[in-house]
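Got chain G; can you put chains H and W on it based on the hints?
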Amino acid sequence: MTSLQVWRTFEPDSYYKTFLEHSKRPDGRGLSNFRPINIKVGTVTTAEGSATVRLGHTTVMCGIKAEIATPTLRHPDEGFIVPNVELYPCCSPMFKAGPPGEKAIGLSQFLKNVITSAEVLLPSDLCIAPNKFAWCLYCDVVCLNYDGNLYDASLIALMAALQNVLLPEVSYDEESEKATVSPERTLPLKLKRRPVSSTFTMYSDSIQLVDPTAEDEEQGSGEVTVVLLEDGSLCTIHKPGGHSIVSDFLDKFINLARKRVKLVNSAICKALAERKV
Amino acid sequence: MSGQVLCAVKMAPFSAPVRLPPQPDTRQQEMSRQLKDALESVIVLEKFPKSQIDVYVTVIEDDGSLLGACITAAGLALCHANIDVYDLVVGASVLFRGDVLYLDPRREEEEVSDNNQLTIGMIPKHAGGQIALMVQRSGQVAPQCLSECLNAAVDLCNRLHSLAQKTLLVHLQETLAHSSSSSSSP
Amino acid sequence: MADISLSEAEKRYIVDGVKLGIRVDGRERLDYRQLEIETGLVSTANGSARVRLGCTDVLITVKMEMEPPPPQQPKDGQIHFFVNCSANAAPEFEGRGGEDLATSLSAMLDRLYSSPLSLDTSRLCVVPGKHVKVLYVDVEILECGGNLFDTVSLGVKAALWATRMPRIYITGEDGGELEFMVSDNPQEVDRVDVSNAPILITHLRITENLTVIDPTPEEECCGPVQVVVGVTPKGLITTTQQLGAGTFAPQTLSASLKVIAFYYHPHHAHTFWECSSLFTLVAASGQFSSKT
Chain G
1 MTSLQVWRTF
11 EPDSYYKTFL
21 EHSKRPDGRG
31 LSNFRPINIK
41 VGTVTTAEGS
51 ATVRLGHTTV
61 MCGIKAEIAT
71 PTLRHPDEGF
81 IVPNVELYPC
91 CSPMFKAGPP
101 GEKAIGLSQF
111 LKNVITSAEV
121 LLPSDLCIAP
131 NKFAWCLYCD
141 VVCLNYDGNL
151 YDASLIALMA
161 ALQNVLLPEV
171 SYDEESEKAT
181 VSPERTLPLK
191 LKRRPVSSTF
201 TMYSDSIQLV
211 DPTAEDEEQG
221 SGEVTVVLLE
231 DGSLCTIHKP
241 GGHSIVSDFL
251 DKFINLARKR
261 VKLVNSAICK
271 ALAERKV
Chain H
1 MSGQVLCAVK
11 MAPFSAPVRL
21 PPQPDTRQQE
31 MSRQLKDALE
41 SVIVLEKFPK
51 SQIDVYVTVI
61 EDDGSLLGAC
71 ITAAGLALCH
81 ANIDVYDLVV
91 GASVLFRGDV
101 LYLDPRREEE
111 EVSDNNQLTI
121 GMIPKHAGGQ
131 IALMVQRSGQ
141 VAPQCLSECL
151 NAAVDLCNRL
161 HSLAQKTLLV
171 HLQETLAHSS
181 SSSSSP
Chain W
1 MADISLSEAE
11 KRYIVDGVKL
21 GIRVDGRERL
31 DYRQLEIETG
41 LVSTANGSAR
51 VRLGCTDVLI
61 TVKMEMEPPP
71 PQQPKDGQIH
81 FFVNCSANAA
91 PEFEGRGGED
101 LATSLSAMLD
111 RLYSSPLSLD
121 TSRLCVVPGK
131 HVKVLYVDVE
141 ILECGGNLFD
151 TVSLGVKAAL
161 WATRMPRIYI
171 TGEDGGELEF
181 MVSDNPQEVD
191 RVDVSNAPIL
201 ITHLRITENL
211 TVIDPTPEEE
221 CCGPVQVVVG
231 VTPKGLITTT
241 QQLGAGTFAP
251 QTLSASLKVI
261 AFYYHPHHAH
271 TFWECSSLFT
281 LVAASGQFSS
291 KT
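Chains as they are written, first to last, in the UniProt record's numbering: chain G, 1 to 277; chain H, 1 to 186; chain W, 1 to 292.
Only chain G is shown next, with the shape it has when bound in the complex (with noise of 0.2 Å):
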């Protein structure tokens, strides 16, 4: 063990600290840069979509499988678009198996928000025939990897699955009220909207981090994740608890969240273009 590794071990925080005061973070960011995006799309051949999104270390895979359901009462004419988050312990020790835990939820909660909130796919769309039938996506995002910053890395893979998506054509007979399923002819999903997440770490007053890893979500005292629409208008922002922040601090967050939107777009498109050629 050399000298560096015995001070992070035994003394994480001025460790810590120390590099703050330097304006840098132990993976060698300053506090304002994103750590780089990767993208593979189509991972999974047994889902209908599917994404694969490295953050860093931390990567997230999101596969969505489509199944056929009778819609409800309420909304006869209305799919169901369900996001699960998983969070298995092999990808942190922080996590252990058995039933979702608490930050699987507010995970699962958070995409569930954002997809309703932003209108990515507007529900009528997945309606096959009212009242009978109806798709429903399972979104499920599994964690392989765990280092900070679950909100973005999920959202964007959620994101660049369902670009992926390709549902077989379904003709519903009014006679015999059946559906048949033709597998050979796809159609991809009209998606309205594209949001993308910018995840804010707050260490202090004055010291905020952008894109934290598991270790400065550790250190930190909070997140701030600002959700914005590809035009960069503001979708949510989502502040569960922690430190409290000036507003200020939010305006910077969203200009910098702005800038980010187009860098994960374009990437989105990027690994969608790659999967076609």
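Since the hints were derived computationally from the structure, they do not count as laboratory data. A virtual CB, placed ideally from N, CA and C, is assigned to each residue, including glycine. Take the hints with a grain of salt, since some may be wrong.
[What the hints assert, rightly or not] Okay, the calculated bits of chain H under chain W, using three or more residues with CB under 8 Å as the criterion:
#1 27-39
#2 123-131
#3 134-147
#4 150-161
Only chains H and W this time, still in chain G's reference frame:
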């Protein structure tokens, strides 16, 4: 008290043709138990008194021979984690239908009914080759046939073992090269 | 499985004995203990059997119910296994202790009967897509004296053999709903065809390349690893599963599989195969027990 092994095989919901509910089903529980049996006989448990080794396997996609792949993955991960084992454990699967032997079957081949599937976990370089796990399911087969399947699976394991060993070696060389270059640079 | 601790000398005694071909209780390596099978003990069940093999004692009951089939198998009846390890059987079964063993036993039985060749589930169909017979097999472990898998599988086969299901007649149709009449004539019963149902044979590895069958708890202490083989009366192997922490040499496994074939040789069919043919003959008259 010697060490304990805990195994959990978890299949991602999108890993099978039909979506799997997040709660583990009987197949996953059975695979976890079988993997545990295999690893318990491979890890030198006397070296880990009063401790527990947790082995978690996440299945991203199932395209057949799943249990075999889980065993091989777990074996490589144990070596990567520097845990003492008698030998690198590898798993392989063979399928027997009619007169045809399918090595390392795909999912479509597995799903056809009336076939025998034999999966073994093996440590080929320990005491002349030892079988740590043997599982055969469904179908009916004469003992003679099963012996042939077993031989085919053992052969497959031997080939897989040299490949797995090579992978570990390449990984080790890369890590060494990386650490020597990074230690000399600052 | 039972919680017995043996000293090194005691283990050595057992192992060396097996090397010479003699076991502690005087049996040879491939001999079974005394086997008793009794059927028709539980009058409320459709079929029941109690099997004692040495000190191991299990009670199996079969109940039949009519249920709608799953959509993917509209023409097949179903069979479900539930194993309960009673805390009386062994102290370690107390609380949730026996759950692991119970699930592995029921998984094994599921696999044993999963093939249509072992049990023709299509014969349990009443109305395709609407009503099929579902057999619930409950296994109660009363005493655990080694070789649980073999005993349970013999018991399940015996209980299924003894199962009498009242005959069902479709009397008419009323608004799309079928009407049934259940015969109350004790002579009019349907039975389950178990002529091809497999049983399990466990081989316990004692040393390098020697295995014993039907191990006692003391012998199970000497070798933690065993291979359980499901075999049909025709001598075909339906399922194999290695259990416990330990390894087999491939040759030993092959040899164990060949032993199965050995049992079908007419000159050697002296252990439970005789019994299983016996119980098909004798049990027709109700209660019976047979000695090897």
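Do the hints match the structure? See the list:
1. With a threshold of 8 Å between beta carbons, the proposed coverage of the stretch 27-39 of chain H by chain W holds, since 5 of its residues qualify and at least three are required.
2. Check on the stretch 123-131 of chain H: 7 of its residues sit with their Cβ under 8 Å from a Cβ of chain W, so the three-residue criterion for coverage holds.
3. Residues of the stretch 134-147 of chain H lying with their CB closer than 8 Å to a CB of chain W number 13, which satisfies the three-residue condition for coverage.
4. Against chain W, the stretch 150-161 of chain H contributes 3 residues with a C-beta closer than 8 Å to a partner C-beta. That satisfies the three-residue criterion, and the hint holds.
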